[in-house]
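Start from the sequences and build out the full structure, keeping to the hints where you can.
The sequence shown begins at 2 in the working numbering and counts up one residue at a time.
I should point out that these hints are in silico values taken from the structure, not numbers from a laboratory. Any given hint could be a false lead.
[As the list claims (entries may be wrong)] Below, computed lysine to any residue pairings styled on SDA-like, alpha-carbon distance capped at 25 Å:
#	residue 1	residue 2
1	Lys102	Gly25
2	Lys22	Ser61
3	Lys82	Ser96
[Claimed, not checked] Label-pair ranges, simulated between beta-carbon atoms:
#	residue 1	residue 2	range
4	Gln142	Met105	17 to 23 Å
5	Gly170	Asp107	24 to 30 Å
6	Gln7	Ile60	20 to 26 Å
7	Ser181	Thr53	36 to 42 Å
8	Ala189	Thr53	30 to 36 Å
9	Gly185	Gly118	41 to 47 Å
10	Ser181	Val86	41 to 47 Å
11	Leu91	His187	44 to 50 Å
12	Pro89	Ile20	33 to 39 Å
13	Gln7	Arg135	26 to 32 Å
14	His187	Arg135	21 to 27 Å
15	His29	Gly118	35 to 41 Å
16	Thr83	Lys22	20 to 26 Å
Model, not experiment: these values are computed from the prediction. C-beta: ideal position from N, C-alpha, C; glycine also.
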Amino acid sequence: MEELKQRILREGQVLPGGILKVDGFVNHQVDPALMMACGHAFAAAFAKVGATKIFTLEISGIAPALTTAIALNLPLVYARKTKPVTMPDLVLMTSAPSHTKNRMVDIMTSPEYLGRGERVLIIDDFLASGQTTRALIRLVQGAGSTVVGIGALIEKTFEGGRESLEDVGAPIVALAQITSLEGGIHLA
Numbered sequence: 002m003e004e005l006k007q008r009i010l011r012e013g014q015v016l017p018g019g020i021l022k023v024d025g026f027v028n029h030q031v032d033p034a035l036m037m038a039c040g041h042a043f044a045a046a047f048a049k050v051g052a053t054k055i056f057t058l059e060i061s062g063i064a065p066a067l068t069t070a071i072a073l074n075l076p077l078v079y080a081r082k083t084k085p086v087t088m089p090d091l092v093l094m095t096s097a098p099s100h101t102k103n104r105m106v107d108i109m110t111s112p113e114y115l116g117r118g119e120r121v122l123i124i125d126d127f128l129a130s131g132q133t134t135r136a137l138i139r140l141v142q143g144a145g146s147t148v149v150g151i152g153a154l155i156e157k158t159f160e161g162g163r164e165s166l167e168d169v170g171a172p173i174v175a176l177a178q179i180t181s182l183e184g185g186i187h188l189a
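Written out as structure tokens, the structure is:
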């Protein structure tokens with residue numbers, strides 16, 4: 002998606018440790034018009050997968066997942082990193098590494114909202130190593146549901162996430178692909 006790519010080139014910053022900072026329009030301050038365009042792009046790409054729910058991880062995945070849910074007229078469920086008192090005692094839980102926190106984080110969701118037999122479209126901000134997406138897949142499968150698609154705003158192709166998820170058998174769509182962060186941002 003050209004508009005997203007141009008914003009990454011203009012405003013993205015490469016930080017130590019292979020971190021791409023896109024806080025000005027995705028992760029901290031959200032550009033609603035850009036996210037709506039991304040949601041419509043995901044909706045077009047996944048129109049035929051028969052999704053019944055959109056699933057993501059708080060917090061950075063919520064904006065693109067919400068706009069995709071709006072475009073597809075589907076409910077959005079997001080996995081949480083901390084358990085609120087309103088969540089039932091029995092939850093679906095796993096853990097995933099956080100690039101930005103530099104540690105493992107627990108992620109969980111309530112079986113009230115992600116139940117058996119759903120056809121789940123996962124939408125997130127980044128696809129890098131695939132470990133966070135794999136954790137979301139574990140939650141979906143633990144609920145007795147099926148992943149029917151995986152979408153990422155930005156894929157860091159050099160981290161091998163797409164290849165690590167091939168066994169899922171679901172289409173993977175990235176709206177912008179970064180091939181390298183060596184000496185700047187290099188897009189596919």
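Cross-check of the supplied hints:
Distance restraint check for Lys102 and Gly25: the Cα-Cα separation of roughly 19 Å lies within the 25 Å cut-off, and the hinted pair is therefore satisfied. Note on Lys22 and Ser61: the hinted pairing holds, with a Cα-Cα distance of about 12 Å set against a maximum of 25 Å. As the CA atoms of Lys82 and Ser96 are separated by approximately 9 Å, the hinted pair is consistent with the 25 Å bound. At roughly 20 Å, the beta-carbon separation of Gln142 and Met105 lies within the given 17 to 23 Å, and the hint holds.
A hinted range of 24 to 30 Å holds for the C-beta pair Gly170 and Asp107, which are about 27 Å apart. Remark: the range hint 20 to 26 Å for Gln7 to Ile60 is upheld by a beta-carbon distance near 24 Å. Checked against the hint of 36 to 42 Å, the C-beta distance between Ser181 and Thr53 comes to roughly 37 Å, which is consistent with it. Ala189 and Thr53 have their C-beta atoms about 31 Å apart, which keeps the hinted 30 to 36 Å range intact.
Between Gly185 and Gly118 the Cβ separation comes to about 46 Å, which falls inside the hinted range of 41 to 47 Å. For Ser181 and Val86, the hinted distance range of 41 to 47 Å is satisfied, since their beta carbons lie about 45 Å from each other. For Leu91 paired with His187, a C-beta distance near 45 Å keeps the hint of 44 to 50 Å intact. Under the hint 33 to 39 Å, the C-beta atoms of Pro89 and Ile20, about 35 Å apart, fit the expected range.
For Gln7 paired with Arg135, a C-beta distance near 30 Å keeps the hint of 26 to 32 Å intact. At about 25 Å, the CB distance of His187 to Arg135 agrees with the hint of 21 to 27 Å. The given range of 35 to 41 Å is respected by His29 and Gly118, whose C-beta atoms sit roughly 36 Å from each other. With their beta carbons about 24 Å apart, Thr83 and Lys22 fall inside the hinted range of 20 to 26 Å.
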